[in-house]
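Undergrad: Input sequences plus hints: build the corresponding full structure.
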Amino acid sequence: MLETFIIIFLATLFYLAIANRMRNYIKLLVYQGLLLFLVAAFHLKDFNIFNLIVILLETIVFKAVAVPYCIERIIRHNGITRETEPFLPNFVSLLITVGIVVASILLSGSIDDIILDKFFFVGAVSAIFTGLYLIVSRRKILTHVVGYCVIENGVFILSLAVGNEMPAMVNLGVMLDIFASVLILGIFANKIGDVFHDVDIDALSGLKD
Amino acid sequence: MITAIYLAAVVCIVIGLAFSRSTVLSDILGVLFLGVQTMLTVHGLMNPGLTELNYFSFDALGLILLLTLSIISYPALIHSRIYLSKPKATASSAAAYNASCVLLIAAMTMGYLANHAAVTWIFTEITTLSAAILIYHHRSKLALEATWKYVFVCAISICFVFVGILFISLALLHDGCSELFYSDLMAHTSTLNGFWMTLGFIFIFAGYTAKLGLFPMFTAGVDAKDKAPAPAGALLASALMNLGFCGIFRIYASINGTPVGNWARMLMLVTAILTLFIATIYMARISNVKRMLAYSGIEHMSVVTIGLCFGKAGFIAAMLHMVMHTFVKSGLFFHFTQIWRTYSSKMLDDMGDYLKLNPFGALVLLFGFISIAAVPPSGLFFSELLVFKAMIAEGSWVVFAISAFLLTVLLWAFARSMFRIIFLPAAKPVEKISISAWESVTQLILFALAAYIGFNPPAFLLDFIEQAATMIS
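Chain order of the listed sequences is Z and C.
Using the working numbering, read the first sequence as starting at 685 and increasing by one per residue.
Using the working numbering, read the second sequence as starting at 1362 and increasing by one per residue.
Careful, some of the hints might be misleading.
Computed cross-link-like contacts, EDC-like style, restricted to lysine to aspartate or glutamate with a CA-CA straight-line distance of at most 20 angstroms [unchecked claim]: (1) 1502(C) to 886(Z); (2) 1502(C) to 893(Z); (3) 1510(C) to 893(Z).
In case anyone wonders, no lab produced these hints; they're calculated from the structure.
The structure displayed is predicted, hence computed values, not measured ones.
TA: Spelled out as structure tokens, the structure:
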């Protein structure tokens, strides 16, 4: 069951690579949040019930509802509809994402580990690097935020992988999630959107040497 | 006990400062903070090796960095006070500045002392939050851009460090250990799983470079130091970089001597030289003085990292270099407020004749330049010499040649700009303003302290450095 969820999660990464409309990015983030909720619910067996509820609530409320809602609001506020002119054509992006996933699978081949499930490793590493790729290959700052959320989802999967042995790491992952997302989206929602109306990275080129 | 009192006091002081709208109350709280900071430092120095609240240890490395930070926190708060009064900042922005400045110093303090990988990580996160508020102090478009870039890059880097910690936790789990204390890592050095430690170190190193100021994450730090008010920039350009070093070193110490350690050493060496190269290129063409100081910090942290790669002798030199760099670089940033008030500009093209416009300040700046350029009688000269000696002792002539060449070019670029400010006539007439010589006294003390440490390092400091060196020997 867990494997199925992670494979669907990988599929969302491929879709992220070729998505152009901002609404699609948001939908994909919601799906990823739901998938992570399911993975956490099925995987974390040794947790005490209170801790488990906190973590499940975080994935469903924060990852699948609050963050996408916040991004959606910013999009409506600034009238952004789509990611214009990506640096690379979608087909190339798709190829690169496939490359990232294949490389993670190859890397996982060298792991002979009883603690870590290879599926978790592949899901996490692929998400981290796809997120990074989204950040470097897109123009809109908001897409960079989406890329960052994807990285965080990858990190969350990895923390789940060691979750049964080190429950504290999952809680720390949750803390990172909330802290960084609030900080980033807070600045964005309150300031960037109003000051830089177009929210294109070209607008952020005032500081240079 | 004392650590608990410190933490409780800091929380109260930060809340008090955030809501304070009166200068007198802020001053009292500032003095109170310096009091508890000094109390913690003295307590640590009297009880080396003590562990409090389970997660904070006064070990040698932590104590050296804590003492350095506590010393510069005095001038940092004094200059912040001057900065906020000339011209007078609004009560709310002064409150935000003061609260986040104290929070930054406290978070760095706890980050140095943390004996658990996750605790260091948490306090590093807090430094990002407080630094972001400081960078956004002026509420301008450029300040917003710098804040955004800093927060975004630091958020990614913090994710990286977390991933690294997760990989290392996997290595520890294999050894039957489910805690992430640095002492656990040191105890399992020889048996830790190489694959996970390699992956873990790559991510942790890449993540902490945002704070340490090395390639690949150094860029956001430069923008941050440029846009943050100069007294806050002083903390970002010195003590915060030391926190990055602390985070990397504690992990490196646990893999030193293993095959992974040798590989990590190679990674650090290549990254440091690459960073030195980048710093040299920017220093040669830059015209913004504050960014120049930021790049100079990157240069010195490269030297520190190179030192770390050359065994015990290199490590001792690197530690001395880091301590002296903290004093000198923060002094230069404190002095920058006077340059800004004189010219109302950061650009070299608008500067000149500083010796006539602010004679005492110009002499202090000259002393500061000599100190940071590592030209005798600068203390940094000795530590750089020791780093080079360590390189030659290990027969690394290529590294020696490359770094010596790059440092020479850097010296030329830096000297060209500084001499232009101090001695050459200004392109357009500048009105002379009166600046009290007292404002330069703290800088003078910091530069003199660095020179003193270089010539005659205090025995207790050398003792602590020797103790810290046992972690990697």
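Undergrad: Next step is simple, just say for each hint if it's right about the structure.
TA: Structure-based check of each hint:
Proximity of residue 1502(C) to residue 886(Z) is assessed by CA-CA distance (about 14 angstroms); at most 20 angstroms being required, the pair is judged to hold. For the hint linking residue 1502(C) to residue 893(Z), the alpha-carbon distance of about 17 angstroms falls within 20 angstroms, and the restraint holds. For a cut-off of 20 angstroms, the pair hint linking residue 1510(C) to residue 893(Z) stands: about 15 angstroms separates their Cα positions.
In terms of the numbered hints stated before, the structure departs from none.
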